[in-house]
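K.L.:
For chain R, the structure is supplied; the task is to place chain A on it using the hints.
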Amino acid sequence: MRWETVVGLEVHVQLATRTKMFCGCPATYGEAPNTVVCPVCLGLTGALPVLNAEAIRLGTVGALALGCTVHPVSVFARKNYFYPDLPKGYQISQFDKPLATGGAFEVVSPERGPITVSITRLHLEEDAGKSLHDRIPGHTAVDLNRAGTPLAEIVSGPDLRSPAEARAYLVTLRQLLVYAGVSECSMEKGSLRVDANLSVRRPGEPLGVKTEVKNMNSFANVERALEAERARQIGLLESGERVTQVTLTFNAATGEVKPLRSKEDAHDYRYFPDPDLPPLVLESAWITSTRAALPELPAARRNRYATAMGLPDYDVGVLTAEPAVAAYFEATVAAGVEPKTAANWVMGEVLSGWNDTGVFAVSPERLAQVVAMVESGTVSLQAAKRIYGELVTADADPAALATRLGLVQVRDEDALAGWVDEVVSAHPDEVARFRAGEAKLIGFFVGQVMKRSGGKADPKAIQPILKERLAP
Amino acid sequence: MSAATLAAETARRLREAASLNATLAWSEEALEAEAALAESVPAGPLSGQAVAIKDNIVTTVLPTTCGSRILEGYRSPYDATAVRRIRAAGGIIAAKTNLDEFAMGSSTENSAYGRVRHPLDPERVPGGSSGGSAALVAAGVVRSALGSETGGSVRQPAAFCGITGIKPSYGRVSRFGLVAFGSSLDCISTFGVTVEAAATLLAAVSGHDPLDATSRAVAPLELPAHRDDLAGLVIGIPEEYFPEDLDAGVRAGCDRVIARITELGATVRRVSLPNTRYAVPAYYIVNPAEAAANLARYDGVRYGVRRIGPEGDVRALYRATRGEGFGPEVRRRILVGTFALSAGYADQYYGQAQAARQRIIADFAAVFASGVDLIFSPTTPTPAFRAGEKTADPVQMYLADIFTAPACLAGIPAMSIPVGRSEGLPIGGQLTAPDMGEASMIAAARVLEAAIDPAAEVR
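Protein sequences, first through last, are from chains R and A.
Residue numbering for the first sequence is 3 to 474, as defined by this note's numbering.
Residue numbering for the second sequence is 3 to 461, as defined by this note's numbering.
The set of hints was computed from the structure by calculation and includes no laboratory data.
None of the values given here were measured: they were computed from a predicted structure.
You may find that some hints are simply not true.
Mimicking SDA-like on lysine to any residue, the simulated pairs with C-alpha atoms at most 25 Å apart in a straight line are [as the list claims (entries may be wrong)]:
1) R:LYS81 / A:GLN354
2) R:LYS212 / R:SER95
3) R:LYS132 / A:ARG321
4) R:LYS81 / A:ARG304
5) R:LYS81 / A:ILE260
Restraint ranges, calculated between C-beta atoms of paired labels, are given here [stated by the list, open to error]:
6) A:ALA371 / R:THR37: 37 to 45 Å
7) A:ARG17 / R:ARG137: 46 to 54 Å
8) R:THR142 / A:ASP395: 40 to 48 Å
9) A:GLN360 / R:GLY140: 47 to 55 Å
10) R:THR309 / A:TYR347: 55 to 63 Å
11) A:ALA345 / R:ARG306: 23 to 31 Å
12) A:ALA345 / R:GLY237: 26 to 34 Å
13) R:VAL75 / A:ALA227: 34 to 42 Å
14) A:ARG308 / R:GLY183: 39 to 47 Å
15) A:LEU337 / R:THR142: 57 to 65 Å
Glycine residues also receive a C-beta, built at the ideal position from the N, C-alpha and C atoms.
Here chain R stands alone, though its shape is the one from the complex:
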């Protein structure tokens, strides 16, 4: 390997609070521009910020979920720069005394297997508004609905060695934060944003000059952008040029990265402690109880599914990828379905619907009733899937539905014997061959009986009758 890639990521996630970070405005998404604003988040003169306790709690939960040390005293600072969508001319952030530092968690690298990625820091800050360049031709419009929504910025160490590894890190980080209930982590809605730092070096050498890549709207595009930037840097170095410290923007349409600004244009943010906000002091007892109240995190859950439930690795991976899916699966098990059976249903019918719509149309309790009808032989598995499909459209009693749709299996011996006799007399050649020792023809006869019954016969109950009638 001639070049080693070094990647570190800065991830901003929007904390899942009901209200903004320093005022009472709802932290909602998709409202008409400039309708979710007040004197505080508009930066009107005389207005003052007051810290949202829920943002602190969620930031702390996130930090603990990432294995960070949460500091008993942290300080909010003003980060000064001018931008039309930054109402106060400074952003309230944290600088030299962040909420948390020194975390780490395991990521499965597609190239190296399990690796530990360090978290340098997690700090809290407010979001800016949005500049809309396409809304009014020739003008920039400003929407301040997002201004003041709470963010956690999570900075990883330079521990990632490839674009694919960076993507695996993001998937794992997102899973942790969603599990912990810290953030919705939707790149589409902008509640998770990624800035990536990348450098290349010869193995064993000190770190090379890094560049920062911005404007990636999916994990896949983070990987693509980093691949493009890696190729660009290697190209420069191999042609004898140097890499300079620049910020680049990724164009998803062309797959290219383009310089946005060089270090010479970099802002001097002139951080200083925000005099409007006293230092944030967290009692150690509160930090301890917050840690104790953390929900089960993905690693622990995967372990439990594999050992206590005996599920195969593939099932564990699928079921734990999204906490909502895992919760549905667990509710199904709690409703009495054996874990492997529940896993099959969830990974099949349930997930295909959820992937399309994002909702679980059938409750776990209903699903358990359907599964129980299969277990008791009341309906076939095939019929059960049809019943499930009906329940997706409209909730109903599964037993009544089975009856109405004529899906209840027939186990009445007289009825079954009638269909068997019809089949036997209709297929004399096959009967002769069977009697001559062609035993595998039993499947053909079962199939014929099922066909004749319109799928309603219980295949298990057919066999003894068939064998009796076919006996030589």
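P.N.:
Same frame as chain R, now just chain A:
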């Protein structure tokens, strides 16, 4: 007097005082509306009183300009907490008063809307930055007024105009609705024709406010019981506040007070606040640093004045709006503050200033811990100076804050009361108290007020 009569009477007085240029906004309609509002609230400590408001405290009825072109005509969609509390206490808002632009100045000559005249001598300044409020109280238009202090902007004009000015402990009065200048220093403060008038207004606007995270979680200030003398008190006299070049009239006035303090039964003790000399330099770093950030929001994007600029891009918008909207002193402080926090200089300037501030806090703490109850000193090094006298030299102007900036840096209460006159110009004496010690400070000030003739020549 009914609220309607009060409103009409206030309007008449405001008209008569027009030559002071002390107001930036008032109207008969607004006064009538205030009167109607006052009739609807139960009688309170400010019933029957019209209160003037420094124009850096936001009001919905009248515009808030901060004495700046950049906020010309700006009307706040909400009222400051202090304004709401004045109304709740039965008071009516009389007018918005002239000030140095964004409270930056010590003479009220920096207003974009013209300087304020001293009520006793139109050629002199009333002090600043709350000069409009001070002039209206001194001219008898209102009995009390709100000002704001960052480095002495109420005590200094109170001293110049011969009235009482009280700066409370930092966080005693909510800053919600006070236009931010030096946020770690800013205190809404009060003027009164008497100690009682200033103290009553302070009590009415004090108390915790959930809208200000730096507001102290304490009950509103209660006015202290009357005391006959100063028996049992130890009053510290800091040597650093009596330098050799102190104005002779100011010295004579303060010496007279010190003699009276002893007669009134208090023990006078010479004390030292050795880091006082760092106060003005530290203040003029911390204050511009915070101001530069606080004033960044006036960018022409959302409200206030907007100038597009010849290039038509966003940088030109900022340059034109801020270049034309801010006056020279505001631009100077933004530049100083930006420099003081810039990469490579922040430790040297902002860091050192914060260290000096800690020393000043420690100086006061040591004196009060040694058994001193209150500190007495001059409020200002000179009586009111002439208009134009210091405008060419910002450092001379800054030194007008030399005795008032320390209490602001330390966040402790201090007040100025009139203690006599020198060649017809009022002299102010200053009492400084430990953190949250307003009540005993006010009680002592009442005793001194009763014992000293503020109209008497001291030389």
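K.L.:
Does each hint fit the structure? Answer for all of them.
P.N.:
Checked hints:
1. Our distance criterion of 25 Å between C-alpha atoms is met by R:LYS81 and A:GLN354, whose separation comes to about 20 Å.
2. Between R:LYS212 and R:SER95 the CA atoms are separated by roughly 24 Å; this keeps the pair inside 25 Å, and the hint holds.
3. Of the supplied pair hints, the one linking R:LYS132 and A:ARG321 holds, its CA atoms being roughly 22 Å apart against a limit of 25 Å.
4. Between R:LYS81 and A:ARG304 the alpha-carbon distance is near 20 Å, which keeps this suggested pair within the 25 Å criterion.
5. For the hint linking R:LYS81 to A:ILE260, the alpha-carbon distance of about 48 Å lies beyond 25 Å, and the restraint is violated.
6. Between A:ALA371 and R:THR37 the beta carbon distance is about 54 Å. The supplied range of 37 to 45 Å is therefore violated.
7. Between A:ARG17 and R:ARG137 the C-beta distance comes to about 49 Å, which sits within the given range of 46 to 54 Å.
8. The supplied range of 40 to 48 Å is met by R:THR142 and A:ASP395, whose beta-carbon atoms lie about 43 Å from each other.
9. One distance hint, 47 to 55 Å for the beta-carbon pair A:GLN360 and R:GLY140, holds here, with the actual separation near 53 Å.
10. Look at R:THR309 against A:TYR347: about 59 Å separates their beta carbons, and that is inside 55 to 63 Å.
11. The given range of 23 to 31 Å is broken by A:ALA345 and R:ARG306, whose C-beta atoms sit roughly 50 Å from each other.
12. For the hinted restraint 26 to 34 Å between A:ALA345 and R:GLY237, the CB-CB distance of approximately 33 Å keeps it satisfied.
13. At roughly 40 Å, the beta-carbon separation of R:VAL75 and A:ALA227 lies within the given 34 to 42 Å, and the hint holds.
14. For the pair A:ARG308 and R:GLY183, the supplied restraint of 39 to 47 Å holds, since their beta-carbon distance comes to about 43 Å.
15. Separation of A:LEU337 from R:THR142 is about 27 Å and departs from the stated range, judged on CB atoms against 57 to 65 Å.
This entry does not satisfy hints 5, 6, 11, 15, going by the numbered hints stated previously.
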